[in-house]
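Chemist: Sequence:
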Amino acid sequence: MNTEFIEALHDLEKTKGISADILFEAIEAALISAYKKNFGSLKNVSTNINRETGEIAVFARKTIVEDPDDERAEVSLDEAHRINPNYELGDVIEEEVTPRDFGRIAAQTAKQVVVQRIREAERGVIFEEFVSREDDIVTGLIQRIEGNTVYIDLGKTEAVLAPTEQITTEQYKQGDRVKTYILEVKKTTKGPQIIVSRTHPGLLKRLFEMEVPEIHDGVVEIRSIAREAGSRSKVAVSSTDEKVDPVGACVGPKGLRVQSIVSELNAEKIDIVRWNEDSEVYVANALSPSKVVSVDIHESEKVAKVVVPDFQLSLAIGKEGQNARLAAKLTGWKIDIKSESQVTSQQVNPKDNDEQVQVLDSEED
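Residue numbering for the sequence shown follows the working numbering, starting at -7 and increasing by one per position.
It is worth saying that the hints were derived from the structure and are not from the lab.
Please read all numbers here as calculations on a predicted model, not as lab measurements.
There may be inaccurate statements among the hints.
[To be verified] So the derived label-pair ranges between C-beta atoms look like this:
hint : residue 1 : residue 2 : range
1    : Gln166    : Ser306    : 38 to 48 Å
2    : Glu120    : Thr45     : 41 to 51 Å
3    : Arg96     : Asn258    : 57 to 67 Å
4    : Val273    : Thr131    : 36 to 46 Å
5    : Ala259    : Lys6      : 44 to 54 Å
6    : Leu69     : Ala113    : 45 to 55 Å
7    : Arg53     : Gly139    : 50 to 60 Å
8    : Gly167    : Arg53     : 53 to 63 Å
Ideal Cβ placement from N, Cα and C applies to all residues, glycine included.
All chains should be built: construct the whole structure from the sequences, respecting the hints.
Modeler: Structure below.
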């Protein structure tokens, strides 16, 4: 090892942020293993690298005892005194045992250690970069598809899009550019593992923040999101400025803002509704595009009983109950939907009401 190598270690300290002392210590530890492996030694040894010249020395370490049992690890007090009369029982003496051709092995070992440490440092930097971006959007290219798992190239590393986080109606192809939501960043022995999603409501929220300046600036606030990825979503918004219409801001001129998000999510339908602190008004808004006649809130049961016009009943419920189910998720209320004729029939003959009643729980998936 020479002075150029020492200078290179100090350069790494500046460029990669890896402490030169840590590198020296790691190399010295690796040299001990290399010495024992190549020279068949079971001795208790230590190594030392001169921090200025790069010269390497290997020392056999022996403990001073009264009656040595293992000459490779122990030495008598009399023998130790021949080296230095100040030695006492229990002291450890060091004897240089550096092999003549150890330089080549040392150089190779040092190179391996440095490369490994650089790789670890780079992984650490990547981990810190992406762990700070959890709950954010990243854009990457689909690198490969193994089984049903999609691997996305993010430049410095790759992300994993598991089958459970994929939109079932989407087709993923190698080379396609895709936006995903970072769910979690894990530290592994092979580097950071980045788990991403296309189905998480957070993806929809971040897309709105990117497309709607009023949300980014804090004038418009997303209060709640209910999403059935790939099919339909509902987003409740409010405004801190009376002059700013939160729904209009999210829709954008001629619907351009929301249409951009719909396109990114491959035609997923998005209902933007106005949030209201009055639960009756909020539930009515959440059932959009259906019109609502009345909403009766039952706090103790956490149920909202809703009456809609007869011709709006199927629209309020939605295909396979989707509209009402999403409204329930959005508001946090169980929703009991009836048409006007069902209510009238029940009032006339409450014991003989065979009409279908639609009840949806806000906790139902």
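Chemist: All the hints need checking, so say for each whether the structure fits it.
Modeler: Going down the list of hints, with the structure as the test:
1. Gln166 - Ser306: 38 to 48 Å: For Gln166 and Ser306 the Cβ distance comes to about 42 Å; the hint holds.
2. Glu120 - Thr45: 41 to 51 Å: Check failed, 35 Å falls outside 41 to 51 Å.
3. Arg96 - Asn258: 57 to 67 Å: holds (59 Å)
4. Val273 - Thr131: 36 to 46 Å: Holds - the Cβ-Cβ distance for Val273 and Thr131, about 38 Å, lies within 36 to 46 Å.
5. Ala259 - Lys6: 44 to 54 Å: Check passed, 51 Å falls within 44 to 54 Å.
6. Leu69 - Ala113: 45 to 55 Å: The hinted range 45 to 55 Å holds for Leu69 and Ala113, with Cβ atoms some 46 Å apart.
7. Arg53 - Gly139: 50 to 60 Å: holds (53 Å)
8. Gly167 - Arg53: 53 to 63 Å: Because 59 Å falls inside the window, the suggested range holds.
Of the hints listed earlier, the one the structure fails to meet is number 2.
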